[in-house]
Every structure is written in C-alpha cells, then in structure tokens.
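There are 4 protein chains.
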Amino acid sequence: MHVAVIGYGYWGPNLVRNLLENRKVTAVTICDVNPDQLERAAKRFPHVRTVGDVDQVWADSSIEATLIATPVTTHHGLGKASLAAGKHTFIEKPIAASTAEAEDLVRTAEQAGLTLMVGHTFEYSPPVMKIREIIQSGSLGQIYYVSAVRVNLGIHQKDVSVVWDLAPHDLSMLFYWLNEVPTQVSMLGGAFVQPTVSDVAFINLQFESGIVGSIQVSWLSPSKLRHITIVGSKKMLVYDDTNAVERVKIYDRGVEFKEPTSFGEYTLTYRTGDIVTPHIPATEPLQTEIDHFLECALTGATPRTDGRSGLRVVQALEAIERSGENGSRMERLAVNDTEDPVPVRVRRKAGS
Amino acid sequence: MHVAVIGYGYWGPNLVRNLLENRKVTAVTICDVNPDQLERAAKRFPHVRTVGDVDQVWADSSIEATLIATPVTTHHGLGKASLAAGKHTFIEKPIAASTAEAEDLVRTAEQAGLTLMVGHTFEYSPPVMKIREIIQSGSLGQIYYVSAVRVNLGIHQKDVSVVWDLAPHDLSMLFYWLNEVPTQVSMLGGAFVQPTVSDVAFINLQFESGIVGSIQVSWLSPSKLRHITIVGSKKMLVYDDTNAVERVKIYDRGVEFKEPTSFGEYTLTYRTGDIVTPHIPATEPLQTEIDHFLECALTGATPRTDGRSGLRVVQALEAIERSGENGSRMERLAVNDTEDPVPVRVRRKAGS
Amino acid sequence: MHVAVIGYGYWGPNLVRNLLENRKVTAVTICDVNPDQLERAAKRFPHVRTVGDVDQVWADSSIEATLIATPVTTHHGLGKASLAAGKHTFIEKPIAASTAEAEDLVRTAEQAGLTLMVGHTFEYSPPVMKIREIIQSGSLGQIYYVSAVRVNLGIHQKDVSVVWDLAPHDLSMLFYWLNEVPTQVSMLGGAFVQPTVSDVAFINLQFESGIVGSIQVSWLSPSKLRHITIVGSKKMLVYDDTNAVERVKIYDRGVEFKEPTSFGEYTLTYRTGDIVTPHIPATEPLQTEIDHFLECALTGATPRTDGRSGLRVVQALEAIERSGENGSRMERLAVNDTEDPVPVRVRRKAGS
Amino acid sequence: MHVAVIGYGYWGPNLVRNLLENRKVTAVTICDVNPDQLERAAKRFPHVRTVGDVDQVWADSSIEATLIATPVTTHHGLGKASLAAGKHTFIEKPIAASTAEAEDLVRTAEQAGLTLMVGHTFEYSPPVMKIREIIQSGSLGQIYYVSAVRVNLGIHQKDVSVVWDLAPHDLSMLFYWLNEVPTQVSMLGGAFVQPTVSDVAFINLQFESGIVGSIQVSWLSPSKLRHITIVGSKKMLVYDDTNAVERVKIYDRGVEFKEPTSFGEYTLTYRTGDIVTPHIPATEPLQTEIDHFLECALTGATPRTDGRSGLRVVQALEAIERSGENGSRMERLAVNDTEDPVPVRVRRKAGS
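Chains as they are written, first to last, in our numbering: chain A, 1 to 352; chain B, 1 to 352; chain C, 1 to 352; chain D, 1 to 352.
Everything labelled a hint here was simulated from the structure, so no lab data went into it.
None of the hints are false.
Because identical chains share one entry, a pair is satisfied inside a single copy or across any pair of copies.
Computed cross-link-like contacts, DSSO-like style, restricted to lysine-lysine with a CA-CA straight-line distance of at most 27 Å:
| # | residue 1 | residue 2 |
| --- | --- | --- |
| 1 | K224 | K130 |
| 2 | K130 | K235 |
| 3 | K24 | K43 |
| 4 | K234 | K158 |
| 5 | K234 | K224 |
| 6 | K130 | K234 |
| 7 | K235 | K158 |
| 8 | K80 | K24 |
| 9 | K224 | K158 |
| 10 | K158 | K80 |
Could you put together the complete structure from these sequences and hints?
So, in structure tokens, the structure goes:
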C-alpha cells in the first residue's frame, strides 16, 4: 500500500519510521507545507518522496491511505479532503476541534465506506490492553471509581488548552476500559502562564452506571506523574506509566459490606491480600496502532479506535471546556446527531 | 490548671497522655458516658479521676478547661455547656456539625470571654508550619494552585461521610497556608459501600485570589496517600506526609513568560533547578497544640486555631456537602452572620 | 509462671510490657543494678516488683525463668548464674561475647536440662517466617546468592563494633532461611568516628553449598536501609523491612541455561514474569518470641532460636572480626567443641 | 579529520552517529570483519565508506584516528597496530585484557607521541563530573567510604566475567573522584549459570588514604540498580543513575566526635540537615567523550581518560580476578613497570 503522511512536525517522523518498517507498506509520501520541515524529512529519509502541496496527495491515485499529524484545527478540513479523495484516513488525537466536525468526519467516512481511525495510541499499549482484559474478566468486581493524574512541567501549547492537549489520553483509556462514556462532566481550571489558555484542570466525570471519575491535567507540576487508579468492589488497580518495572499493580483489597441484620447494624470487613505486578510484554504501541490501521484499510474491518471513538472523546472534551466557561457547572455531553448514534452504554454489570 | 477530657474513645488517651506530661496541668479528670471506656481509662491511668456524668464536670469549679473528643454531632451541645460553665474549651475537628452551630459556639465564647479552640492538629505539625513559613516568605512566588490527596483503605465512619472525616485536615491546612478561604466549592462523590455515606469525593475549590484547588478524599484506595502539591510562579512544593525522610520537597521550577513583543509572539522558558528537602525537627504536633491551648487559656491570647478557624472549615464542609446534594454544582460558602464576620481575604499579593 | 527481667535499659521495657500481656505469666520481677533505671521501671509499671541485686533473683525459687537484656559482655556471667539457679534462660542477641562463652552456655543448659534461648527476634517476624516458608517450598529453586544491607546514621555503640551490633540480625536470618552456616567469612571494615570501633563493614560469606553472601552494615549511612536480596535459580526475592506495604517481593525472574549441544554453544534464556507481594499478617515479633520461650520452658521443647542458634551466630561474628584483624583474609568458622557439634549442613538440594 | 570505527557490533552505531554529528570530523570509515555487520552499517549510514579488512584502515594515510569497539581480547592487537600505523587511538573499556597489554599500549603511544584514550564514558557524564566537583570542593569533608551496586538481570557475556563487564564503570568513576587507586582488593564471586564465568561478585577495596570501598556487580539481580553512596565526614552523597529526576542527592548528615576530656568520655553528635538534589544539565556523555578525543588528537592534550587511566582500571580488574582465584584473599595491585610509573596517590587530604 502507498501511504502519505501529512504533517511532518513533532510526531510525523515516528509515523514515517513505523510505516517504513511495516511490510504492508510499499511506498511512503511525506507532505508538509513548511519547506524547512520537508527538508528535514528529506535528510532523515533520503529515499522517501516529499511534496509541499497537499493537493498532490489528493490527486495521486496510487496513494490509498493518509495519516494526518497536523494541528487540531486543520484535522476536519484535511480529513474531509482525504476521504473525499477516496483515501482511508488516520487522524491524530483529538480527531477534530468540535463535536460537529467529528460527527461530519464520521458520517463522511461511513457514507464513503472508507476506514476512519483516530490516533488514541494508548489503546494499543500493552499495559492498557492488559488492564482492559483485567476489568473485562470481572476480577476487580464492580468498578466504583477511577482517578487519573497526567501532569508535568510544560510543554505549553499555544492553540489548545491543557485539557485538549492531555485529557484525550485519559478519556480514551477510560472509555476503552469501561465501555461507557460519562453522562456529565465538570471542570475547574486555571490559566496562569498565558491569560486565556488553561494550564491546569481538575475534571470530574459522572457515568450512568454510577462510576465517578476524576482527571487532573497540568503543564505546571513539579514532577511528571502519569497514573490512574481504578477501584473495584473486589480489587483495586494502579497503572503508573512512569514506573518502567511495576507499571500495573493489582491490589487484592476491598471492603465487604454485610446487610443490616436484626439489630439494624451492618458490618464492614476490610480485606488486604497480595499485590501482583503482572508481567507485560514490551511492544511499541505506535507500531501496533499503524499496523491495525493498515489492516483495517485492507480488510474493511472496524478499527478499535474508529471515528466514533474519536467523536466520543471530542464530545467529552467539548463538554469539559463548556463547564470551564460556565463556572465549573456540570455539563451533559452533546447528544449525538448521526443517524446511528454512538451508543451510550446502559448500566454496566459487574464484571461485564 | 485542672483540665477535663470529655470523651475517652479513639483519641482521648492521646489527649490524657499529653496533658499528664504538660507542666501547666495540675490535675486531669476523664469523663465518658460509657462505663467500659471509663474502666479502660482507669486501667491505663490509675491515678487519674474518672467520672461518668458530664454534669459533674460542669459543676466542678476547680476544672478550668475542657477538651472535647466526642462524636461531631455532640460538639455543639457539649461545647456550649462547657462555655456556659465558664470553662475554656477545646473541641476536636470539625468544631461542629453545621455553620449555625459553629457560629453559635464562636459567639458564645466571645461573649463569655473564654478561649475556644478547635483541634486542627496539622497546623501544629512542624512540616505544615514550615510550609506556611515558606509560602509567607514569598519564595514560591504567587500561588497558582494546590492539589491534595488523602486516601486509604478504611476506616468507614457510620455517622459522617468521608468529606467530614478527612477533608477538615486539608481545608484547615490550606486556609492556614493561604490566609484565604474559597469563595466557591464543588464536590462529586460516590457512596459505594454504604448507600448513603460517601466514601470517595473529588472536591474543587475556587479562591477569590484566583488560586484553584483540588482535594481528593477516599476510604477506598489501594494505597495510603497523604500529599499536597503547591504550585507557585517561582517554585513548587510537595508535602508527602507518608515519607518520613523527605516530607517536604521544594522544586526550583517554573515557567517564565515574556509578554508579546513586536512580532506578537510571546516566549515561554522553563526553569529546572535544584530540589531541596529542608530538615524539619520532629516534635509531636498534639503536644504543641495542647500546650498552645493551655497557654491561651492562661493568658487570654487568641489561639492559632480559634473558633473562627473551626467555623471557616465547617462553612467549607457544609458547602461541599451541599454541592454533592445539588448534582455537583458550584456552591458559595455561607455568608457569615456573626457581628464581626470572619474576614474573607481579598486578592493576595505574591509573596504576601 | 513467675519471670524476671534482668536489665531495664533500652530494650527491657518492651520485654516487661509483653510479659505483662502474656497469659502464661503470673508475676514479673524487674532487676537492674542502676537505681535510676529501677525508678523508671517502677514509675511505668507501678504494680511490678523491682530488685536492685541480681542475687535476689537467683535466690527466689518462685522465679522459674529469666530474660537477660544487659550489655553483651555480661551475658555469659549472668546466663550461667541463671542456669545455675535452675532457671530457664532467655538472653538477648548476641548470646555471648565469644564462641567459648556461647559453647559454655549451651553445654551448661543441656546438662541442666533447662531451656536456653537467644533473642534472634527477626526469626519470629512474619515476613521472615514467610520467606523461610517460600525458600523451603523450593519455589525460588536452588539458592545462588544473598545480599544484605543494614545501614543508617547512628547509633554508635561504645563497647561493640557495628558488626556485633547489626550483623547478628542478618546472620541469624540467613542461617534460619538457608539451614546452613558459612564455612568461611571475610570482612573489610573502617573505623572512622572512633579510632578503634568499626562503624562500617563489608562482610563476605562462603557457604559449603556454593551459596555466596554479602552483608553490609554501617552506622554512617545517609539513609536507613534494611533489605536483603535472595537470588535463586527459579525466582528472586527482595525483603525490604523499611517498606511497610511491600515488605517482601517475589520476582518470577531467572536465567535458563541449556547445556552445549553439537556446536559447543550454550544458550541462555531470560525469564521475566510477574512480581508478587504476598500479604503478610502484622503481629509483633517480640510477643511471638516471648510466648515461644515461655512455651518451651513449660513443655521442654527446643526453641527455634536455641542456644546453638546463638552459638552459630557468635561463631560467625568472631570469625568476621578475626578477618578484620587479619587484613580482611578469609577466615574459617571455629570448630565446634561441644560433644554433639552444631551440624554444618552439607550440600543443600534445591527446594530442600 | 578522517576517522575510522573498528568493530560495528552493539556499540559501534553509537560511535558512528556521534562522529557524523561532530564538526571536527570530515569523513568516517567503518571496518568490521563480519560482512553482515558491514551490511547493517551500510544500510543505516548509506553515505559512509565500509571496509572489511582492517589493513585497509592501517594503509589509508588519510585516516588520522581510530575508535576500536571490538571484544576485549582484540584490544591490544588492534590498538598496537593502530598506533603503529601512526593513528590516534581510542579503545573501548577495558583498554586491554591484562596489565601487561595495557602497559604495552601506554608505552607504545607515549613513544609514538600519539593520543591514546580509553572509553570510560561515565567520566564524561554530567552527574559524575558534578560529583567530582563536589568531592574536590571539600564539601563532603574527608571521604570515609564508598559503596557501589551495579546489578540487573542479564546480559551474560561469554568471554568475560561480570567483573570485567560491569566493574570498570565503578572503578573508573571511583579513581576519577578520589584521585586514588586501591592498594589492595578482594573478591568473592559466584559462577552459577555458566560454570566458569562469575555472574555475581562482591568486591572490597582498601585505599592507602584509609578509604574503604565495596562494589557489588551481578547479572542475576531481580532489579536494575545503579547506585553509589559516598560517605564523608561532613556530608554524604548518593548517586542513583536509574533515578532520572533525583540522580544525585547530597545529605547534610554526619557525626561529630569530640575528643575525650577529663572524664575519659567522648561525645558523639549526629547532624541531620537538608537534602539537596542539584540540577544537572542533560548532555550525552558519549558526545562529550568523542569530542574530547578528537580535541586531544588535534591539540596533543592529554585526555582525561588517557591510556594510564585505562591501565589503572585493568590493574584493579586483574587483582580482583586474582583474588577470586585465590580464595578471596586480599591482593595488592600489580606494580607498574612503565618508566614513569602511574603514580599511586599518597594520603589524600580532606577536601583535596
């Protein structure tokens, strides 16, 4: 397959390197409007074709698929043009700058019968897949709450807030693990370094199943933290992405509640058991992700992180942002207006 | 001074032990309505007088001060009776079960000219005092945000939620450090083990100065965490109360922002400097606290954690709880109806 | 049983407290030559009899057992007198100041048919017992090596070196776990603060089974470290006594070696599996130890840490010290001259 | 300068990449006897010349310098040939397989007036340079002892033991920091996976200044540890190379000793002050090292890690190995037979 990478900035080189190592790829074209970036690409990958005008990509019928790694404001325009040109399309996260844009992309791809996939790379990371497996197996019991922290010093973005920059990672993981999107969200943020761009945000999530969640994102933190705690009725799990050796820990801990008996008195028992760090093989998530995109493009299968997955995250981001603008009030997620709406899961059963 | 301890439950023995070791104390009386507790007290402290009826305490004119360590619902009644009996009164945190009750205690004590103090013990802890000193010195610069986590497995209370149980610690420390109470708060909680008592809560705080804050409290956490991050414009500080050796760390980190110049472009520079763990002497906070109460009772000085300090925390707890009942909406703190209202600090200057 | 505690210094109060809580004990007598210590004892335990002259203990036929917690140079004299007076005898570690003294105590107790036990308290600690169980089960495979670190800042002893102060803990645990004493030991030490008393020592151990070991002890360390690594052919184990939550970790890691085949080439495979922190119940080792001593005194059973256990540790300490005096050369452990010598285990089979 | 890299195995690609980015380099030639490796080189660096016969390197008069990254047994032969061909020569650590070989290289280079440098890369690492600066400033006081641990699971070498593989790092750092080599060393090792190749070693070092040291190296460890503790009379320092954020910590801790006065009693005081993690800039040690080699080759300056530095480490390795063969006895380091012997530092003064 001949694949084009559109946008050769921070992330583009990783896409190109992985495409070149993939056996499904026969040729790669790099496109960037910035001549400096193109020159940088030509230097690193001398045998790869580079073009400065994206219309050359659309016009080249040998190109069957594109990977778009440009600023988020351009995702909708480029994605739509790519689909219009009949190409399977992969767009970095977040898939678009608004729910309306994301819905339009989903609809366009479905009508064209083309693969649309979003770069929620964490969903292809071995620990994240392992955690989904653990949750789905029911071994944590009924999920009570999740708490995520994704903070470090820098790097401030000029065009998007810390919410649009960092929260897509946690939102996509939570939706993947829980099979559920929140019904309501709120956000209290602070814009300290740049007057109009939040650099810290405390996000709360309410799910229909009763699960509650918290996500803290910040560009102004003394330490780099990347951890998520998942508390279930039977066990609890901590995912610490900065701990190379003990990335996932499962705590056999819980509280057992006995219904009140004759005396109207309930009893609580605390259980403290083993802690297990499962061995998780090391594979590069980006490699798995790109291969999955190419596979779906070839076979027509629905990607794990399809356009609707991208849409769900954008819906949540938009509601979170709206909460920040409305004095941190709880905001419902936008109702989906596609014909076959993205289903909001009903009450999740324990272990399902 | 002859001092009475009212309530000999979980905390009472610590109060008695500290009183017995204090040179300002000439006699201690222990009062508890539960005969089993009284017997336990008599066994541990054979030379200390025990009484089962609190009226004996009120009636004993040799008792000049009382320390009340009973369930929170009884704080107002016992505190008021103690003040009515002319005794200086120390009440464990939270000082009362509602703003109205707390205000009544403050008013009563002020009218009677008696010392009223609340057991916000952390404010007498060496690392907490050191952090206040650091913030007040201005070395962190302007405070941007604070983020606190106080979670562990258990112990569930039957009468109060996790908010009333754990959040008073963080609220009292934040108010002590920042010289400011929040104007608005919100809370998203979850009641999983007992249907009507929250066991996890995500609390957001908005201060008038622009500071934002987050407090997470939980009785359902795999690990015991007790840490607070304070981010300032110049430096950042982490207080980890579970780390015996490096309890406070000061990170010389920050972002410098240059105003846009001719090209309409601003520049951000990240500064990463040394990390310093200041040496902090080990003294028992409870000992300092009790001595401070006795000193204030003797001299008439205003305690660091006076009744108004207790009131401020109760106002915040009440608003947090109200937010939980009102679908997590932002709630203003109750307006203070005492004649001389607890002042809400106006915009704090950097380094003040 | 009426029990006497001889020596009420740093450790004595813990012994007394535990004896008073033990149902096998009917009376406790405290003996110390120092009147200040006796007064301190009388204040803390008003109902306990105190005596200043140890002959009163020997002469009191109602006293069936003694616990000796005095400086190590007095262990032999007091222990021998206690046994001569017909009393079951518990001596704090190390059991004596030399192999000859320890052997004399062992012989005396055996001839008298009395219980002699040494205070190797760690052997009664839940994680240490759990580790023995794991090793004995064979799940670590053949043990390759052990590495122990026991360091902190202070507290310097005036009469004994850091080796006699700290190494008994590690030696007794290793012998308990491995069922084997080293054949040879060496030590490189340094005496920096006091010119004749080592405050740091690097100890190497060679066991007949092929196991090698290292013990580092220091009073001059920036951090308090208490950990032991045990490497086996199948799994590896880390015991970190300063980590309250994850005290023991079992790593399913190892190297598999295939014998050279036709090409004279061997192959190594590395296995990296789960990490497990087994849940270990919290019980006070001293309580278990004292109860075990009383039980053995009552029933005549041989204590887990009998006199021979104390002797083995003293033999090792003596050889280690001799190595330090002889330019760090490898020293054989003293040959045991008791009639029924302490058996030196022959080559241990995996999993035995 | 035209530079040749001899040996394109595990490490070779890093050398080539750094040479290509260095402005002092005009051309690079890669030499390897293995055609597969040469092909790999040609694929990664298409514009770089590759040769399969090392005589082509010696014969090419345009090549002014060589970097040798081959197995240690070939270092002497290739190094000597390189110097004979008049080329400045850089050899990976350890510089040779024996003291005699290393001395021969040193002598040859000195007679030819050519630069000979060894790849003790850590001496060009920012934290290691910072630690030398701290020690040399005297702020740690007199150095008492050093304790190093370099352990992980794998990678077993077939030709050299764990001592020759891992200990050169720690030895070169210690010699660089302390300006001193040990007079005697001992080693207790274990060969568990391969019958004749040690995979764990406990090494002790005695320095003439009184400093003692311990180095533990292992290929059979559950965790990767890379830390060195340096204890001085005034402060203590920990270098943990696996901690990306707090790589170096300085503990303001120590013991103060007052000489005995009239009562024959000394007094010890413990000082526990701040802990400081100095900010250390991140630069690639290999880049600094290679640039330093090229600079020395151009100017004739003596490299920080010259041939004599390589010789000192080989002398220590040889003595350590000999100790292992001689039942772990203390071994003196080989006397240096070069005309101008590598000076063994005499008693180091505090803070010097």
